[in-house]
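> Here are the chains, one letter per residue:
Number of protein chains: 2
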Amino acid sequence: MKKNKLKKKIIDIFVRHKLSKNHAKICSEAIINAELVGAPTHGLSRLKMYCDRIKKKVINPKPKIQIKKISQSIAHVDANNSIGFVAADIGIKKAISNAKKTGFGLVGIKNSGHYGLSGYYAEQAVKKNLISFIFTNAPPAIAPHGALKSLFGTNPICFGTPTNAKIPFILDTSVSMINRGKIRIASKTGKKIPEGVALDKFGKPTNDAKKALQGVQLPIAGFRGSGLAWMVDILSGVFTGGNHGGKVKDPFDDFTGPQNIGHLFIVMKTNLFVNNYNKRIKENIKRIKKLPKLKGVKEILYPGQNKFNRFKNNLKKEIKISKIIMNDLNILEN
Amino acid sequence: MKKNKLKKKIIDIFVRHKLSKNHAKICSEAIINAELVGAPTHGLSRLKMYCDRIKKKVINPKPKIQIKKISQSIAHVDANNSIGFVAADIGIKKAISNAKKTGFGLVGIKNSGHYGLSGYYAEQAVKKNLISFIFTNAPPAIAPHGALKSLFGTNPICFGTPTNAKIPFILDTSVSMINRGKIRIASKTGKKIPEGVALDKFGKPTNDAKKALQGVQLPIAGFRGSGLAWMVDILSGVFTGGNHGGKVKDPFDDFTGPQNIGHLFIVMKTNLFVNNYNKRIKENIKRIKKLPKLKGVKEILYPGQNKFNRFKNNLKKEIKISKIIMNDLNILEN
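Keeping their order, the protein sequence lines are chains A and B.
If you want the working numbering, it's the 1-based position in the first sequence plus 1.
If you want the working numbering, it's the 1-based position in the second sequence plus 1.
Treat the hints as calculated values from the structure; they're not laboratory data.
Please note that a few of the clues may not be correct.
In this list, chains with the same sequence are indistinguishable; a pair is considered to hold if it fits within one copy or across any two.
[Unchecked claim] Listed next, the in silico BS3-like pairs over lysine-lysine satisfying Cα-Cα at most 27 Å (straight line):
(1) 192 / 10
(2) 193 / 183
(3) 167 / 8
(4) 70 / 102
(5) 294 / 102
(6) 128 / 102
(7) 193 / 19
(8) 280 / 26
(9) 248 / 8
(10) 299 / 192
(11) 94 / 9
(12) 69 / 19
(13) 49 / 299
(14) 10 / 296
(15) 8 / 283
(16) 296 / 129
(17) 324 / 193
(18) 290 / 248
(19) 19 / 94
(20) 129 / 70
(21) 8 / 287
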């Protein structure tokens, strides 16, 4: 489907589900962006879930979002159980404007929901020539090191910086060995998942996606990755007033209440300490790209390059929509 | 040797190498702390190196450290090639006092050197009931994903928070599969290193420590860990005005100039967004500790617990000093 047609369709669907036109537009853009960067697990495949949550009154389509000013640099957002995209859009914009004014912006958000890709918000900061750190927690997916039960979300760590080139440096990495969405897709299509990324519910390694969904996903790098996931839970949940410690509900399976996800946005001016950041970052990347390469490696890529290239390629094409998703769209429209 | 005797000895050595009494004391405390927490690679084993660098005039024993105020929250430190401990001590104290005043402190440091353990500075913030993020870069040790040459340092990510209990949460994790100090020790003692942590200079996996030192160490989690190491290089080097992109010199091997390491300290009040952080973090940890455990696991530990327990145990005992190090001490004293 053509991008603009799809965009209009998604806006219509959200408006039909009582979102304001403006909020529907924000959501539509984030969802289409996820499709374009090649992250369909964070795109259209979630549309029905968002609408279901609105219908079940666990997402508030008409939120009264409150922004509390803590200082010129710091703000706290109570998202009033809005859809995550809308809360995050407000949060990153506030963090950006505070950083523009004071060099540094810090925004904590509570009572939010799944907001799609962290990198999408880091890109907004990069467009204003700002560095950003973005954290969010998520429903239980990863077992803490030593535990037989999932508790941490895939809890991404996201860092973005301008590069003085067209493609920004956007590191947006979950601390899980595998994306939960990928396991979900493998489970639906009956495919195996790689070894070493998950345990079944008895604590045994498994490559069966269905068993992995009932069991636990493993963090990257054992105790270290578990510590990073824990850090993200503290920063985005404990610190902001959001849910934490395994209390974020699974948006697909649990309609007993709002998710109350927390997000944290830290945004900084690039030139706080040096007056030639753009030159320095360009040189940094150049030096690394010039290193001798392992056999078979054509180019050393920085985080964000692959995603940007997918985005550029996909922009030229129509967005592919599976039969299942087309069916969702048709039902949700009517 | 008794802790106090050793402390005095190290102070004497640094004073003999032209440090002020106060700076010598700061260094001595950091080095002894590394021994007590069980990180000897960051302790006495570096004492001779620091003194050698002072003698060769690549560490400045009488630095004129300049602190430039950017705002009430933000400061930039030019450490004038001081020993890293001294620069970091000034940096964390400034970040703490700014955070106490404004909720948030951000301090970038350039022209510094190896400062020991990041966690040591996070602990200082925790003692003031503050959250901290601490970044430093380091000499080339890890190959960027796809490269056949080391460029990133072991570039630790450090995050600390009070826990409302005696033991703070201090995540201080290098993004390398293995600590470079451990490879160095294995190389000296002729021991093998684990599989999968390093490549030889031809890009082949090796468990020979000597070959690994000539080759490259691998980041945790492939492209993700490489991205995290890159992020730390940008934050602590590109952003602060420090060296970056592989330009930080190895302190043991390269006396052709100062290291110009960069550090970044981000410190925040715990109660910026919630008025019961201490209660929330306590509950978070409690929930995680109560999870069912994998076979053989007695307790789910949070980052910092092991280190704290080693510290407590070691405090009761004399500090063990190897013959090689005792020899260093005797030479440096005279």
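> Could you run down the list of hints and mark each one as holding or not?
Going down the list of hints, with the structure as the test:
1. For a Cα distance limit of 27 Å, the shortest separation of residue 192 from residue 10 qualifies neither inside one copy, at 31 Å, nor across copies, at 64 Å.
2. Taking identical chains as interchangeable, the C-alpha atoms of residue 193 and residue 183 lie at most 27 Å apart only when both belong to the same chain, with a minimum of 11 Å there against 37 Å between chains.
3. Taking CA atoms no more than 27 Å apart as the test, residue 167 paired with residue 8 passes inside one copy only; the shortest distance there is 25 Å, against 53 Å between copies.
4. Within a single copy, residue 70 and residue 102 get their C-alpha atoms as close as 14 Å, and across copies as close as 16 Å, so both meet the 27 Å cut-off.
5. In this assembly of identical chains, the alpha carbons of residue 294 and residue 102 never lie at most 27 Å apart, being 42 Å within a copy and 48 Å across copies at closest.
6. For the identical chains of this complex, residue 128 and residue 102 are intra-copy neighbours only, at 16 Å inside a copy versus 31 Å across copies, given an alpha-carbon limit of 27 Å.
7. Taking the shortest alpha-carbon separations for residue 193 and residue 19, neither the intra-copy value of 39 Å nor the inter-copy value of 64 Å comes in at or below 27 Å.
8. Proximity of residue 280 to residue 26 under the C-alpha cut-off of 27 Å is found in neither arrangement, the shortest distances being 36 Å within a copy and 39 Å between copies.
9. Taking the closest pair of Cα atoms, residue 248 and residue 8 never come within 27 Å of each other, the shortest separation being 33 Å inside a single copy and 47 Å across copies.
10. When the C-alpha separation of residue 299 and residue 192 is checked against a cutoff of 27 Å, the pair qualifies neither within a copy, at 30 Å, nor between copies, at 35 Å.
11. For the homomeric pair residue 94 and residue 9, the shortest alpha-carbon distance inside one copy (24 Å) is at most 27 Å, but the shortest distance between copies (53 Å) is not.
12. In this assembly of identical chains, the alpha carbons of residue 69 and residue 19 lie at most 27 Å apart only when taken from the same copy (26 Å versus 52 Å across copies).
13. With identical chains, the CA atoms of residue 49 and residue 299 are never at most 27 Å apart, being 40 Å at best within one copy and 43 Å at best between copies.
14. Taking the shortest Cα distances, residue 10 and residue 296 never come within 27 Å of each other, neither inside one copy (46 Å) nor across copies (51 Å).
15. Taking the shortest Cα distances, residue 8 and residue 283 never come within 27 Å of each other, neither inside one copy (35 Å) nor across copies (44 Å).
16. For the identical chains of this complex, residue 296 and residue 129 are neighbours neither inside a copy (38 Å) nor across copies (50 Å), given an alpha-carbon limit of 27 Å.
17. Taking the closest pair of Cα atoms, residue 324 and residue 193 come within 27 Å of each other only inside a single copy of the chain (22 Å); across copies the shortest separation is 55 Å, beyond that limit.
18. For a Cα distance limit of 27 Å, the shortest separation of residue 290 from residue 248 across copies, 15 Å, qualifies, whereas the shortest one inside one copy, 42 Å, does not.
19. Within a single copy, residue 19 and residue 94 get their C-alpha atoms as close as 24 Å, which meets the 27 Å cut-off; across copies the closest is 51 Å, which misses it.
20. When the C-alpha separation of residue 129 and residue 70 is checked against a cutoff of 27 Å, the pair qualifies both within a copy, at 22 Å, and between copies, at 24 Å.
21. Proximity of residue 8 to residue 287 under the C-alpha cut-off of 27 Å is found in neither arrangement, the shortest distances being 37 Å within a copy and 45 Å between copies.
Against the hints set out earlier in the document, violations occur for numbers 1, 5, 7, 8, 9, 10, 13, 14, 15, 16, 21.
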